[in-house]
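Protein chains: 2
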Amino acid sequence: MHDNSAHSSPPSPPLHAHRLAVIGVGLIGGSLALKLKQQQWVAHIIGVDHSRANLEQALRCGVIDQIAEDAAHAAAQADVILLATPPHAIARQFKALRSALDDTKVVTDVGSVKSEICAAATASLGNKIARFVPAHPVAGKENSGVQAATAELFHNHNVVLTPLPDTAADALQLVTRMWGATGATVSTMAPAQHDRVLSLTSHLPHVLAYAMVDFFATFEDLAGAYDMAAGGFYDFSRTAASNPEMWRDICAMNRGQILPHIQQFQARLKRIEKMIETNDGAALERLFAAAKEVRSQVAERRTGSRSPR
Amino acid sequence: MHDNSAHSSPPSPPLHAHRLAVIGVGLIGGSLALKLKQQQWVAHIIGVDHSRANLEQALRCGVIDQIAEDAAHAAAQADVILLATPPHAIARQFKALRSALDDTKVVTDVGSVKSEICAAATASLGNKIARFVPAHPVAGKENSGVQAATAELFHNHNVVLTPLPDTAADALQLVTRMWGATGATVSTMAPAQHDRVLSLTSHLPHVLAYAMVDFFATFEDLAGAYDMAAGGFYDFSRTAASNPEMWRDICAMNRGQILPHIQQFQARLKRIEKMIETNDGAALERLFAAAKEVRSQVAERRTGSRSPR
Chain A
1219 MHDNSAHSSP
1229 PSPPLHAHRL
1239 AVIGVGLIGG
1249 SLALKLKQQQ
1259 WVAHIIGVDH
1269 SRANLEQALR
1279 CGVIDQIAED
1289 AAHAAAQADV
1299 ILLATPPHAI
1309 ARQFKALRSA
1319 LDDTKVVTDV
1329 GSVKSEICAA
1339 ATASLGNKIA
1349 RFVPAHPVAG
1359 KENSGVQAAT
1369 AELFHNHNVV
1379 LTPLPDTAAD
1389 ALQLVTRMWG
1399 ATGATVSTMA
1409 PAQHDRVLSL
1419 TSHLPHVLAY
1429 AMVDFFATFE
1439 DLAGAYDMAA
1449 GGFYDFSRTA
1459 ASNPEMWRDI
1469 CAMNRGQILP
1479 HIQQFQARLK
1489 RIEKMIETND
1499 GAALERLFAA
1509 AKEVRSQVAE
1519 RRTGSRSPR
Chain B
1219 MHDNSAHSSP
1229 PSPPLHAHRL
1239 AVIGVGLIGG
1249 SLALKLKQQQ
1259 WVAHIIGVDH
1269 SRANLEQALR
1279 CGVIDQIAED
1289 AAHAAAQADV
1299 ILLATPPHAI
1309 ARQFKALRSA
1319 LDDTKVVTDV
1329 GSVKSEICAA
1339 ATASLGNKIA
1349 RFVPAHPVAG
1359 KENSGVQAAT
1369 AELFHNHNVV
1379 LTPLPDTAAD
1389 ALQLVTRMWG
1399 ATGATVSTMA
1409 PAQHDRVLSL
1419 TSHLPHVLAY
1429 AMVDFFATFE
1439 DLAGAYDMAA
1449 GGFYDFSRTA
1459 ASNPEMWRDI
1469 CAMNRGQILP
1479 HIQQFQARLK
1489 RIEKMIETND
1499 GAALERLFAA
1509 AKEVRSQVAE
1519 RRTGSRSPR
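For the protein sequence lines, the chains are A and B, in the order given. Counting in the working numbering, the first sequence runs without a single skipped number right up to 1527 at its last residue. Counting in the working numbering, the second sequence runs without a single skipped number right up to 1527 at its last residue.
Since the hints were derived computationally from the structure, they do not count as laboratory data. Among the hints, erroneous ones may be present.
Any copy, or any two copies together, can satisfy a pair, since identical chains are not distinguished.
With a cut-off of at most 30 Å between alpha-carbon atoms, the simulated BS3-like pairs for lysine-lysine come out as follows [as the list claims (entries may be wrong)]: (1) 1510 - 1359; (2) 1492 - 1359; (3) 1313 - 1346; (4) 1255 - 1359; (5) 1323 - 1346; (6) 1255 - 1346; (7) 1255 - 1323; (8) 1323 - 1313; (9) 1313 - 1255.
It should be emphasised that the depicted structure is a prediction, and the values quoted were computed from it without experimental measurement.
Modelling step: build the complete structure from the supplied sequences, incorporating the hints.
So this is what it looks like as structure tokens:
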């Protein structure tokens, strides 16, 4: 998406290659860093992380070019600041960034929950709030940490931006271009809508997968269960390998959406339980057929919008 | 697994290539037919199905060589009879097969529920019960029907045999070799153990996926939900594309295992709900971390026992 088409070959570097600060150099921050460097969208990457060992590994692997002591120091040397820690830690970073920000800099984040992060930014950034572009790349892997980072993580995935009324147009445009450069599909939503929709499509499925694996582990014939875990359980439980700290934060920060969704899901499950209990095969078959149809539509839309892999 | 190593090149046909009757020429029956023909384990395949159009397609595609009117006629011409319809229909077939069976023939099935099918076989086959080898290939796809059949469906998948006390040793050996020829991992369990373990690893995850998709479809912002369905929901709901009739039968025939599992799962989910409600982040993180560990062990065992793909 970055426009360097004005010159013919040999390709010249982009007019302005950015200096990026990555606060939290894990799977998401590391993958974005790799891709933006590959695309020459950034010239220099400054990393901050609570783990020194992690930072040194990121430096050795060329994911970052420089280590900074903290977010404020990194922000002072960068023009794009990416907050890529778990969500709680994102919300706590804004205060330290306020004095480092000016009208040439942009702060963005990758938090899976947007309303609370936006509220924290509004409370902490004061008159610098125009420089904040809230974002959520809907991508992940079974493995977390910088060692799992890969430049193609976001290709054909959704990235949702949830700009605030005060977000500056140039800041929003820059973050839109940045994610466009990764091959992601970028869209915008209001923060509350994001949290409601993602609670359904991501947070609830994660909670159910965790609950299923939690139940699995209590089974009396665990050896037999492990032997047969490929059947249905395998795909179902994939998301339960996600980062526990991140999911703790998501559950806490989006509980207003997740709790009613858990309760509504339980009511739907109770309906199925009742159909099985009363041996209502016709109702079960109708429900299963309707679900199959919905799932097919979901799969078709994905096939339609994504390249095969 | 079929032993034709006694002769050097050019490879001679197996000493005894079987005549196979496939009752229910869908994804499972069709895939097994394709593979056994490819392996020269069968010389001739006779198909029976309630859909004439389906049978004619199977004949055109070379999945079967001949159409028979019903199971009894097919069984009279075959030495291996495979019952590959949905589970209820499998249980209803035994009566018609009894008179066609003799000590040179073997009946086997592919039903996902074993106790009820074994009980039906015992009740209907009388003194021919020795010729029945109950089996369950734990494999499937999002699409069903013979058009989805593929010779490699069972490669590296589990096939569970649940022989009865009366099952003849030669019949068990033949079915073991047949599934071995597909590249599957063949093991044995008692029928009740199979139904208990598969209820956990397959039936419950399917029910939860159906319930999740059923809930998804009630969401007030369905357009937004479809747009974001790639996040977590996608893997989670894959199994909800399975054959509704088959899953109706499984729920009915294994309700003794599935109902308590649904209830126990709900209790585990309630625990998580309470942790979110009371904002007990430490307990949530511990539970998520333990689930991640279990899931990693499941993934490792699978990677260890399977070739990469």
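Compare the structure with the hints numbered earlier in the document and write down the numbers of the violated ones, lowest to highest.
-> none
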